[in-house]
Amino acid sequence: MNDNVDRKCEPCDRRTFLGGAISAASLTIAPGVTLFSIPSFARKPGERASNVNRWGLLIDINKCPDGCNECVKACHRENGVKSHGRPETDAKWIRKITVSGSGRRPEFEIPVMCQHCENPPCVDVCPTGASMKRADGIVLVDKHTCIGCRYCMIACPYKARSFVHEKTTGQRSFAPRGKGTVESCTLCVHRVDQNRLPACVERCQEKAGGAMIFGDINDKNSAISKALRKYPSKEIRGDLNLKLGVRYRGIP
Amino acid sequence: MQGIGYREIPSIHYSFFVVLGIMFALILAGLYAAWYMEHHGHWVTGMDNQIVWGVPHVFAIFLILSASGALNIASIATVFGRASFKPLSRFSALVAIALLIGGLSVLVLDLGRPDRLLIAMTHYNFRSVFAWNIFLYVGFLILVGFYVWSIMDRKMEALRIFAGATSFLWRLVLTSATGLIFGFLIARESYDSAILAPMFIAMSLSFGLAVFYLFLQGSFFVSRRKIGNYIVVRLGKLLRIFVSVVLYIVVISHLTNLYASEHQDIERFFLLSGREITVIFWIGQILIGSFLPLLLLFPIDKPLDTVRMTYASVFVVIGGISQLYVIIIGGQAYPLILFPGYEVSSSFFDGVINVYTPSLIETLLGIGGVALAVKIVFLGSKILPFLPTNLDDKNTDPHYESS
Chain Z
15 MNDNVDRKCE PCDRRTFLGG AISAASLTIA PGVTLFSIPS FARKPGERAS
65 NVNRWGLLID INKCPDGCNE CVKACHRENG VKSHGRPETD AKWIRKITVS
115 GSGRRPEFEI PVMCQHCENP PCVDVCPTGA SMKRADGIVL VDKHTCIGCR
165 YCMIACPYKA RSFVHEKTTG QRSFAPRGKG TVESCTLCVH RVDQNRLPAC
215 VERCQEKAGG AMIFGDINDK NSAISKALRK YPSKEIRGDL NLKLGVRYRG
265 IP
Chain E
182 MQGIGYREIP SIHYSFFVVL GIMFALILAG LYAAWYMEHH GHWVTGMDNQ
232 IVWGVPHVFA IFLILSASGA LNIASIATVF GRASFKPLSR FSALVAIALL
282 IGGLSVLVLD LGRPDRLLIA MTHYNFRSVF AWNIFLYVGF LILVGFYVWS
332 IMDRKMEALR IFAGATSFLW RLVLTSATGL IFGFLIARES YDSAILAPMF
382 IAMSLSFGLA VFYLFLQGSF FVSRRKIGNY IVVRLGKLLR IFVSVVLYIV
432 VISHLTNLYA SEHQDIERFF LLSGREITVI FWIGQILIGS FLPLLLLFPI
482 DKPLDTVRMT YASVFVVIGG ISQLYVIIIG GQAYPLILFP GYEVSSSFFD
532 GVINVYTPSL IETLLGIGGV ALAVKIVFLG SKILPFLPTN LDDKNTDPHY
582 ESS
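Read top to bottom, the protein sequences are chains Z and E.
Quick note on numbering: the first sequence equals residues 15 to 266 in the numbering used here.
Quick note on numbering: the second sequence equals residues 182 to 584 in the numbering used here.
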């Protein structure tokens with residue numbers, strides 16, 4: 015909390031000003047319907063992530079068009095995740111899952127990625143601590159200390175992690191992908207740290223149904239916090255009590 | 182009982198060199214397999230993003246469990262004071278060390294980045310049961326080494342019981358922690374159970390004793406020594422208890438799951454509809470690994486002999502590998518439940534029973550670990566006096582003279 019207090023006490027520099035201006039940069043087209051939302055503020059260069067923020071996603075399944083794969087394509091394009099034509103061993107950072115309920119409710123589709131748990135099993139089981147959770151709730155893999163044991167993959171209840179089974183090309187500087195290590199959605203941490211939206215959210219808001227809202231759950235004035243207060247939302251396998259950073263509207 | 186001497190394996194029998202030669206070739210094949218996997222990436226194996234632990238883990242965990250169980254013979258002699266097993270203590274400890282080194286070698290070489298072993302040894306996350314195991318395995322090697330020293334050096338005799346008892350307790354913790362690698366997994370329906378810790382202890386006692394007996398037979402065969410019936414009967418009685426306990430825990434575990442309606446689907450998968458997993462469970466684990474050894478080990482008309490004990494041990498080993506295949510591969514083959522009561526599908530194989538076909542390359546890696554363990558035992562017995570000169574009844578049976 016001290017970080018937050020300190021930040022507010024600092025002289026109003028350009029970045030703080032921009033952060034404040036950006037925090038207001040959301041477009042509400044109707045009560046409770048936010049079309050456009052970006053993070054309220056980011057950290058200064060060199061400043062540590064802190065638990066002042068808890069980055070999260072709210073995905074409204076009712077706005078997620080059937081057959082739309084824009085978020086998946088945007089994520090993989092952004093992070094240089096490419097197919098080798100081997101679906102069993104190709105990495106997937108995000109995927110669309112079709113859920114059908116045998117007559118209880120219509121079939122629906124849902125994007126699933128790393129759920130950025132508050133109590134992440136992948137972090138608990140990792141022997142070297144390569145699986146880690148930043149103070150702001152983003153769950154990452156330290157590519158320098160991952161030994162490729164794959165224990166985190168077995169421990170993840172969401173099948174969110176992939177093993178890099180072969181040599182990769184076209185890597186992004188902000189998303190290194192080493193053969194023999196494990197990887198998953200980073201919530202586009204490189205973008206978040208620059209006050210930008212994750213690629214999937216940005217694409218969804220631009221080209222798809224605007225089903226995704228990204229923001230700081232700890233900031234009660236953020237669009238995501240307001241939406242979470244206004245409408246009921248659920249976690250996938252909430253019974254596991256992992257306190258997910260990704261919430262959904264409209265799931266059973 | 183007469184005094185028992187210990188002597189190295191003599192270089193008189195060609196079979197010793199044949200065994201060493203074959204093991205050397207298998208170790209080379211295992212090393213080649215590891216290099217091939219690391220060079221090309223794991224896509225050349227049968228493992229994928231659905232089944233992330235494959236046959237190498239089956240072999241590795243079998244060897245690690247057997248290591249812990251093989252030490253049981255020494256523990257019975259030192260900690261529980263059974264004099265008849267005392268001649269086997271030092272060999273039991275050697276087999277335990279060899280099996281653990283073999284298992285760990287497979288585990289390390291199957292890592293995505295085995296070159297980062299140093300990181301695994303220097304970066305610890307103490308919430309991880311895997312990290313605990315790194316300590317437990319290294320500690321086991323050190324403790325058992327110390328135990329062997331206390332057995333083989335008369336000057337260390339005062340410390341023998343301390344070393345034996347510490348090793349005994351250590352291996353109980355080690356085997357529990359190996360079981361808890363799976364037991365702590367909330368994500369997988371087939372794991373996430375405390376019973377895996379005692380089950381793994383029982384499995385280790387059973388597999389370890391069977392493997393130990395096969396090593397003993399092999400070593401005595403190449404050194405032209407004789408095992409008397411008394412020790413065979415004693416080991417056989419132990420083995421049938423261990424096999425029965427494993428079977429009992431397996432039955433109770435499945436019955437408990439069958440009783441809870443939420444687990445009935447996964448039970449149906451294991452017991453009825455799991456294709457090769459179901460076949461391996463019934464044929465490999467239950468028939469070959471449990472019923473056949475029990476049939477052989479319970480005397481019907483005449484006392485147990487070396488032939489029946491050898492067959493029983495081989496069946497227990499086959500059953501053990503089958504059981505670990507069912508636990509490790511079967512547990513991953515069954516899909517994760519994202520929406521209980523709903524069906525799911527995706528391009529990432531959600532909601533489907535995952536298929537796994539072991540490749541030759543990963544099987545060679547696993548076999549290489551076994552070969553390394555055999556090589557260590559044979560070379561160890563060749564260099565140092567681990568093996569008793571003979572295990573005749575007159576040397577092992579405390580009632581021999583009076584009977």
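I should point out that these hints are in silico values taken from the structure, not numbers from a laboratory.
Backbone N, C-alpha and C fix where the C-beta goes; we use that ideal spot for every residue, glycine too.
Any given hint might turn out to be false.
Unchecked claim - Estimated spans, in silico, between C-beta atoms of each pair:
#: 1; chain 1: E; residue 1: Val-533; chain 2: Z; residue 2: Ala-149; range: 44 to 50 Å
#: 2; chain 1: Z; residue 1: Ser-64; chain 2: E; residue 2: Met-333; range: 56 to 62 Å
#: 3; chain 1: E; residue 1: Phe-307; chain 2: Z; residue 2: Ser-64; range: 40 to 46 Å
#: 4; chain 1: Z; residue 1: Asp-253; chain 2: E; residue 2: Ala-375; range: 17 to 23 Å
#: 5; chain 1: E; residue 1: Ser-442; chain 2: Z; residue 2: Gly-94; range: 18 to 24 Å
#: 6; chain 1: Z; residue 1: Asp-253; chain 2: E; residue 2: Ile-534; range: 42 to 48 Å
request  = Given the range 56 to 62 Å, decide if the beta-carbon distance of Ser-64 (chain Z) to Met-333 (chain E) lies inside it.
outcome  = holds, 58 Å
ask   = Taking the CB of Asp-253 (chain Z) and the CB of Ala-375 (chain E), does the distance hold inside 17 to 23 Å?
value = This hint holds: roughly 19 Å between Cβ atoms.
key: Range hint 18 to 24 Å (beta carbons of Ser-442 (chain E) and Gly-94 (chain Z)) holds or violated   = At 45 Å between Cβs, range violated.
inquiry  = Given a hint of 42 to 48 Å, does the C-beta separation of Asp-253 (chain Z) and Ile-534 (chain E) actually sit inside it?
reply    = violated, 23 Å
request  = Just tell me: holds or violated, for the beta carbon distance of Phe-307 (chain E) and Ser-64 (chain Z) against 40 to 46 Å?
outcome  = Since Phe-307 (chain E) and Ser-64 (chain Z) have Cβ atoms about 24 Å apart, the given range 40 to 46 Å is violated.
task = With 44 to 50 Å as the target window, see if Val-533 (chain E) and Ala-149 (chain Z) comply at their CB atoms.
result = violated, 37 Å
Hints 1, 3, 5 and 6, counting from the list given before, are not met by this structure.
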